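Protein chains in written order, with our numbering: chain A, 1 to 630; chain B, 1001 to 1213.
Incorrect hints may have been included.
As the list claims (entries may be wrong) - With a straight-line Cα cutoff of 30 Å, these simulated DSS-like cross-link-like pairs (lysine-lysine) come out:
1) A/K426 / B/K1112
2) B/K1170 / A/K326
3) B/K1178 / A/K414
4) A/K597 / B/K1090
5) A/K426 / B/K1108
6) A/K414 / B/K1181
7) A/K357 / B/K1211
8) B/K1211 / A/K326
9) B/K1192 / A/K426
10) A/K426 / B/K1200
11) A/K426 / A/K326
12) B/K1090 / A/K426
13) A/K304 / A/K340
14) A/K414 / B/K1200
15) A/K426 / B/K1199
16) A/K326 / B/K1090
17) A/K229 / B/K1090
18) B/K1090 / A/K600
19) B/K1090 / A/K581
Unchecked claim - Partial selection, computed: residues in chain B whose CB lies under 8 Å from chain A:
20) V1018
21) A1020
22) C1024
23) G1026
24) G1039
25) Q1074
26) H1078
27) D1080
28) R1085
29) Q1208
Claimed, not checked - Which chain A residues face chain B? A few, computed with CB under 7 Å, are given here:
30) P423
31) V424
32) A427
33) D483
34) L487
35) R606
36) M607
37) I611
No lab work stands behind these hints, which were simulated from the structure alone.
In this text, all values refer to a predicted model and were calculated from it rather than measured experimentally.
Quick reminder that beta carbons are idealized off the backbone N, C-alpha and C, glycines included.
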Amino acid sequence: MANLLQIHEPGESPTPHSGDTHLAIGIDLGTTNSVVAVSSKNKPEVLRDEDGKALVPSVIAYAPDGSFIVGGLARNLFLERPECVVGSVKRLMGRGVEDVKSLAGVLPFDIEPQAEGESGMVRLNVAGHKLTPVKISGDILSALKERAEEHLGHVVDQAVITVPAYFDDGARTATKDAAKLAGIEVLRLVNEPTAAALAYGLDKGAEGTYAVYDLGGGTFDVSILRMEKGIFQVLATGGDAALGGDDFDHAIAEHFLKERVKGKLNTSDVKMALMTARLAKECLSDENSGEWSLEIGNDTSRHKLDRTTFNALINPLVEHTIDICKTVTEDANLLPSEIKGVVLVGGSTRIPLVREKVSKLFGKDPLSDINPDEVVAVGAALQAEALTVGSDTLLLDVTPLSLGIETMGGMVEKIIPRNTPIPVAKAQEFTTYTDGQTAMAVHAIQGEREMVEDNRSLARFELLGIPPMTAGAARIRVTFSVDADGLLTVAATEDTTGIEAEVAVKPSYGINEEEMAEMLYDSMKYAKDDMEERLLAESRVEAGRNLNAVSAALTKDKHLLSEAQFVEIEAVVHQLEEVTKGIDRDAITEAAEQLEKATKDFAEKRMDQGIRSALRGVDVDALDEQASKG
Amino acid sequence: MDGPDTTAEEQKAHNAGVIACWSCKGPVSLVIAFCETCGAVQPPGQANHFIRLGLERSFDVDVEGLDQHYFDMQRHLHPDRFATRSAQEKSLSQQQATAINDAYETLKEPLKRADYLVDLLGADALPEGCNLVNDQALLMETMELREALAECETAQQVDVLSTRAQNDIKGCIEKLSKLFKDGDIEGACRLKTRLRYLKKLTEETRIQQMKLV
Chain A
1 MANLLQIHEP GESPTPHSGD THLAIGIDLG TTNSVVAVSS KNKPEVLRDE
51 DGKALVPSVI AYAPDGSFIV GGLARNLFLE RPECVVGSVK RLMGRGVEDV
101 KSLAGVLPFD IEPQAEGESG MVRLNVAGHK LTPVKISGDI LSALKERAEE
151 HLGHVVDQAV ITVPAYFDDG ARTATKDAAK LAGIEVLRLV NEPTAAALAY
201 GLDKGAEGTY AVYDLGGGTF DVSILRMEKG IFQVLATGGD AALGGDDFDH
251 AIAEHFLKER VKGKLNTSDV KMALMTARLA KECLSDENSG EWSLEIGNDT
301 SRHKLDRTTF NALINPLVEH TIDICKTVTE DANLLPSEIK GVVLVGGSTR
351 IPLVREKVSK LFGKDPLSDI NPDEVVAVGA ALQAEALTVG SDTLLLDVTP
401 LSLGIETMGG MVEKIIPRNT PIPVAKAQEF TTYTDGQTAM AVHAIQGERE
451 MVEDNRSLAR FELLGIPPMT AGAARIRVTF SVDADGLLTV AATEDTTGIE
501 AEVAVKPSYG INEEEMAEML YDSMKYAKDD MEERLLAESR VEAGRNLNAV
551 SAALTKDKHL LSEAQFVEIE AVVHQLEEVT KGIDRDAITE AAEQLEKATK
601 DFAEKRMDQG IRSALRGVDV DALDEQASKG
Chain B
1001 MDGPDTTAEE QKAHNAGVIA CWSCKGPVSL VIAFCETCGA VQPPGQANHF
1051 IRLGLERSFD VDVEGLDQHY FDMQRHLHPD RFATRSAQEK SLSQQQATAI
1101 NDAYETLKEP LKRADYLVDL LGADALPEGC NLVNDQALLM ETMELREALA
1151 ECETAQQVDV LSTRAQNDIK GCIEKLSKLF KDGDIEGACR LKTRLRYLKK
1201 LTEETRIQQM KLV
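Please model the entire structure based on the sequences and the hints provided.
Take a look at the structure:
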């Protein structure tokens, strides 16, 4: 009877309630369109509506009461109710007002002035609501989540969300915050080109060195990967987080507006002009010419455009992407001819001029046999499955931008260079320059340029609680860590005293903690129940880990226990197993504590045994001596 | 030594190369990544980069082999393998993967590898003044190459310089290998400096090439 305990293989932790694990989804949250996919048993499936459409326009329309609709219906309202509709918010994630691109001096968004105490992130006025891009993206994500739930017939609360590889820390954090508002746990932020490579590698068996050219609605990325036996190693990446199909629309709209009689434009006129330009662009990917009308105020004008003129308008932008491809190829220490294949991703790669220039640079016809609009979502779904169910494949990604800090004279000192594999941590030592100094300001920067002003400001940190010493005596070690999502964290310690300095982060364009808390509170979708459920899930994972550990220890070292001790432990184990099946989180915590207490002696005996066996045959006196010297 | 909180027992265990597994609380060897008893991932510890990636301590590293060791370790320890585990396991896997990346980045590149090998010897083992750049011949060579680069007017001219620098780098690496084998640290330090200058120069030729194309 002493063997009623369930024994698990070491390392294979039991998943309590594996029955209630839901499929995690993959979301490609695009500038213009979003796509959701799900994968089970390595078979990815893109979710489609009744008409078979996978693309959900990333456009949202708000009603005065705050309710909203997302997708094609919202986009249809663009022309009628432009003040209630907003699109392309991805371009504003983690951005300030100065980053927003205007058309003929007018912004395509209604921007709210920054209020006292607010973080620097841009805020929009939509249908009279003052909204951050994070909130708007969160609402889009919750609509996508709802669609997936309808399709799958179960709750969806975990996802892999893709982001442009060239997204900086601010934009990544903003994306994760948006998911939090939508009640989605982000399993991983995966770079879009890497997700696309995963889809190609698994579906088409692509092996070798490939380039992924990803030109979407608002962002451009190029990544070079080595794909080999299930490992997807990013060698180098680069891009422009503000270059995409939207910019082609801008170029066409500018061209049309120049042909018109000058009149004063408002935000709605600008949105309309951009919409018309987009239609013209899409048409010119297939046709050689066309004519479009632009109705602004009471004045309608007609505009002809042929492909040659269109090409001339967008040529400088396409050339810019080609220059970036060259730099990235060099960063990977390769020649364009050494790249085995080029994968095209993103709707804007349908433009003939783009294809032409890419083939010319790499000297081969690019691949687009997986739909360029859907391939990223497919990769995200595959990765979501890999993270939750397990997998033989592994994505090894890099930092897209160098990370540094501001030094004297507004110069940047690089701490983590671009294309460093993540996760990564690097430490930098600082000292004080006045006697008794207890605080220090650090300014973190992301970018490649030498001067602070030419790069992106990520955050300012205040190191507080430095023990007062004479100038130059303190040794403050600041560690910058970038995790597998590409997100930065900072920790600081004073080395001579071991005192940990407190790091207060003020993100330059993010949302500060109070704002986030307030939004979470306001978000009806993220109710208290969800929170409680998540905490319960976490304590179950922890209990499972604990049970697995005790069970493994018993298998190995049961002989160290008396029968009575064994029975006692077994009873507590049984109790923890039982309460883990229930929903009482406090009971789980309490049973876990009891198990800890019940196994304390056992642990000591095991350590004793382990040390004795490690020391067997070693001169114990010599070791003791070494210890006292230590 | 460790902080004042360390008990004599813990110290003894530490000296024997054994720590307590954070998960099953049993003994676990300092140098392994997973507890042999319960399978829980362990903290990365202080192993040097060669030991961490299972390589012999030498300047001559087979890059293919290095890659395979690196991939094998990441296959097991990367945070993607712990996405649904407890917070502690997630954090330890991140630390492990960070340490593996650090080792890989250092050993992959000959100059960083040479620097690291010298660092491992400790400051006391270094010949005096070996980090000073007082090699007149090297300084002259560098200045001449810089001037030649500045005067280049075509991409082809830059190419010639770039090829020359690449060849010199290759030669440098071959010589470094011999010096490390012979234990000539002073010579290795000098050559390291030359390699650093040559690498800088190739970077500059790249920039120049971009300007000219």
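Proposed interface contact between A/D483 and chain B, which counts if any beta carbon pair is under 7 Å: holds, 6 Å
Under the criterion that the straight-line Cα-Cα distance not exceed 30 Å, is the pair A/K426, B/K1200 satisfied? holds, 22 Å
For the hint on B/D1080, does the least C-beta distance to chain A fall short of 8 Å? Result: holds, 6 Å to nearest chain A Cβ.
Agreement of hint A/I611 with chain B interface, Cβ distance less than 7 Å: Holds: closest Cβ of chain B sits about 5 Å from A/I611, inside 7 Å.
Once the shortest beta carbon distance from B/R1085 to chain A is found, is it less than 8 Å? Since chain A brings a Cβ to about 7 Å from B/R1085, closer than 8 Å, the hint holds.
Does the closest beta carbon of chain A sit nearer than 8 Å to the beta carbon of B/A1020? holds, 6 Å
Hint check: is the beta carbon of B/G1026 less than 8 Å from a beta carbon of chain A? Holds: closest Cβ of chain A sits about 4 Å from B/G1026, inside 8 Å.
Let me know if the C-beta of B/G1039 comes in closer than 8 Å to any C-beta of chain A, holds or violated. holds, 3 Å
A/K414 and B/K1200: Cα distance at most 30 Å? holds, 16 Å
A/L487 as an interface hint toward chain B, with CB separation required under 7 Å: violated, 11 Å
Are the Cα atoms of A/K229 and B/K1090 separated by 30 Å or less? holds, 25 Å
Is the hinted pair B/K1090 and A/K426 satisfied, with a Cα-Cα distance of at most 30 Å? holds, 19 Å
Hints 3, 6, 13, 16, 29, 32, 34, counting from the list given before, are not met by this structure.
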